[in-house]
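*Asks:* Residue strings, one per chain:
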Amino acid sequence: MNAMTGMSEGDPAIGTAPAPAPPGDHAADTVFDPAEMARAREALRRENGAFSGSMVLFDLAEFQARKGRDGYRWAGEAWFGGDVERLLIKTEGEGAFGEPIEDLEIQALYSRAISPFWNAHVGLRHDIVPNPSRTYAVLGVEGIAPYWFHLTGQMFLSDKGDIRARLEGSYDERITQRLIFQPRAELNFSAQDMPVIGVGSGLADFELGARLRYEIRRELAPYVGVEWSRKAGDTARLARLAGEDPDAVSFVAGVRVWF
Amino acid sequence: MHSFALDRRTLIRSAALGGGGLALSAALPAWARSGTPGLAGPMSVVSGEQIALSIGHASLRVGGRDGHAIGINGATPGPVIRLKEGQKVRLAVNNTLNEETSIHWHGLLVPFQMDGVPGVSFPGIKVGQTFVYEFPVKQSGTYWYHSHSGMQEAMGMYGAIVIDPAAPDPVAYDREHVIMLADWSFMHPHTQLRKLKAQPGYFNMQKQTLSGLLAGKDQSASERRIWAGMRMDPTDISDVTGATYHFMVNGHDSAANWTGLFAPGERVRLRIINAAAMTNFNVRIPGLAMTVVAADGQNVQPVETDEFQIGIAETYDVIVEPRADEAYGFIAEAIDRSGQVRATLAPRLGMVAPIPPIRERPLLTMKDMGMGDMAAPGADASTADHAAMGHAMPGMDHGSMKMRDPAVAPQVKMGPGVATLSPMPMDRTGERPTGLEKVGHRVLTYRDLKSLAPNPDKRTPSREIDLHLTANMERYMWSFDGEKFSENTEPIPFRHMERVRINLINDTMMPHPIHLHGHFFELVTGSPGHHPLKHTVNVLPGGRVSFDLTADELGDWAFHCHMLLHMMSGMFRVVTVRHEEDAA
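The listed protein sequences correspond, in order, to chains A and B. My numbering numbers the first residue of the first sequence as 1 and each following residue consecutively. My numbering numbers the first residue of the second sequence as 1001 and each following residue consecutively.
Derived from the structure by calculation, the hints contain no laboratory data. It cannot be assumed that every hint is accurate.
[To be verified] These stretches of chain B come out as covered by chain A in the derived footprint (C-beta under 8 Å, 3 or more residues):
| # | region |
| --- | --- |
| 1 | 1106-1118 |
| 2 | 1202-1212 |
| 3 | 1227-1241 |
| 4 | 1453-1464 |
Using N, Cα and C, we set each Cβ at its ideal position, and we do this for glycine too.
Go ahead and model the full structure; you've got the sequences and the hints to work with.
*Replies:* Dropping the structure here:
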């Protein structure tokens, strides 16, 4: 087997002549209208690599059955742009039926591919709910870690000077070609107490979930699952003071959809 | 204009009337003796010195469904263009589409301005216009033509070219058939690209699964862990697969069953062309040995085989000698085994041979990552991989086995578009291609191909160039040397008549059929003086291929991966050939 390696490598007889300088002209300009050729060249350049596209994904869009009032939740994002630079819009929210919405967050980010598997992003996050609404500057990374874990980490600095952070991770375990088991986790942190919006310092809350989806098509996958969400530390204390249960287990059913 | 069309339906009717069919077909040109019970339109023939081709919308019926195709003279595939070496030809190509178009004569040695690549050779053919291609026919063999505009090729805009030699043909045959392989999807190729950018495994319905692991299939748990740790998928063999493709022979799927006729005992020449957009095929005719007599239109010393892999845009001419009065299945299987197409060679219409079950989907190995020869030859890929990663690397410099060490490829521009660099790319021209490593019959390798005529230019190359084929499958980004054509349009310059060795290094886990326009190059395969002449070479995953080029055709030429979506993602360059004094 080794006899055939190196066959073409480093043949000592091959010369080391320098390459010629690339010509400054274009051969076809001598035959066709140079302006026409310039237009065609630019079209060719754009066609071979200058991809621009978009994707709109609702990763979560679900009904949550739990003790007390049942609720709903969504988490989605959309990107517009090329291979490296993209406008990234993220949104998430949740609430209980028959009550005002609990959380409604939207982010507008500039995302840039910084390595084969990681994107960095900067931009703004605006929480319409809870009230009073807040706006944050966002700095984050998102990508695929070894072993195919999908991770997102974001730091937030609010217009009131508050610092918060969020870590999210998920993993797709392919049971069959279409049936996929997805554990996921989300942790939210705060550097300070923010009592007006019910957030305490330290680890504020976390969610652990497991969802089983079936890809009818790649773009359309209904799912069922279970999610445990828990407020922690001072955040839990603030929730209890407000008469809320800081601990909730939900059975969820929803659809993952993209286009 | 001298042109004629063979109406295969007429032939079928005659055959149905009984007895007369073969007699009638005997009156037709040898290559055209073909009958088919299929529904698609026949491939007509055009020939002579004045040929008119009209590009327009066409429809294609597959699996009971009509698709919108782009055809030539009303059909896909377009007519067979039959020429004679030494003649002149004028091809007037009229564009009836509502977008620009072009025709590239794949493998033909033509003046650069007749090569048909918009933005390189000429401005393209505008809506409603006619462009006249005019060139002398300097060669013979099996070639093809296709659009070089946008995604038109993937929508059916291709056809075959057969050029008869001026001198007596060194290949003796009684009958010939053109066999054009293709992939057809009802999903528009632009949509395919968008899906792949959103989800790179979109069309892969043969991934490894947990249920497969529990059933003892594919890699073991520990191997899966190793591959997952590298974020590599050993099932990523084809981007666009049988999940959306219908695989076709001459515009017929397996059900339509294109049938080529023969009389037992005849020597039948099959001119096999891979006109697919995104599919490499494994080709075999169970029960029939194939003698390869030409590759990419150029004669080779006859070599007998049972199966070969044909990269996109390659052509192979084979001789078969069916002796029995029975049907033979012509099987073209997508290399990821996501589908196959059957055509038939038979003494009479209506006969079929059994369709073999599709074989198990192969898995890529460490060798496909350019990890060199650590996987023992013939060893089961899975066990070898584990050994390679874990233990069997005595004396191996671990530092150089990093999967993305810029030191192994200093010229590559590193960025998000380059996920891996092959640390030990091997010359794999003597190896069986992906998925055929262990089949129990003869398989053609590039090293089996030896040019029939001695190579004309005996000079040792005066210099050499490395070109890396780079990608990030997770982002569906494809490039040369880490740069998409949209980012770097600087040409690769050659002096006129300069002899240069080009080393193609595949830093990806997918084979890339690389095509140089306007030239034949000599594939360095260890047969000095008789290296096969090629216009397209399929560079195996993690491997390297060297070819020697005599830059004897002045002008600007396209040089690209013939996986259409790879090219459209940026795996494209322009090559210039100039007199030294012309260089700026």
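*Asks:* Which of the numbered hints are not met once you compare them with the structure shown?
*Replies:* The structure breaks none of the hints.
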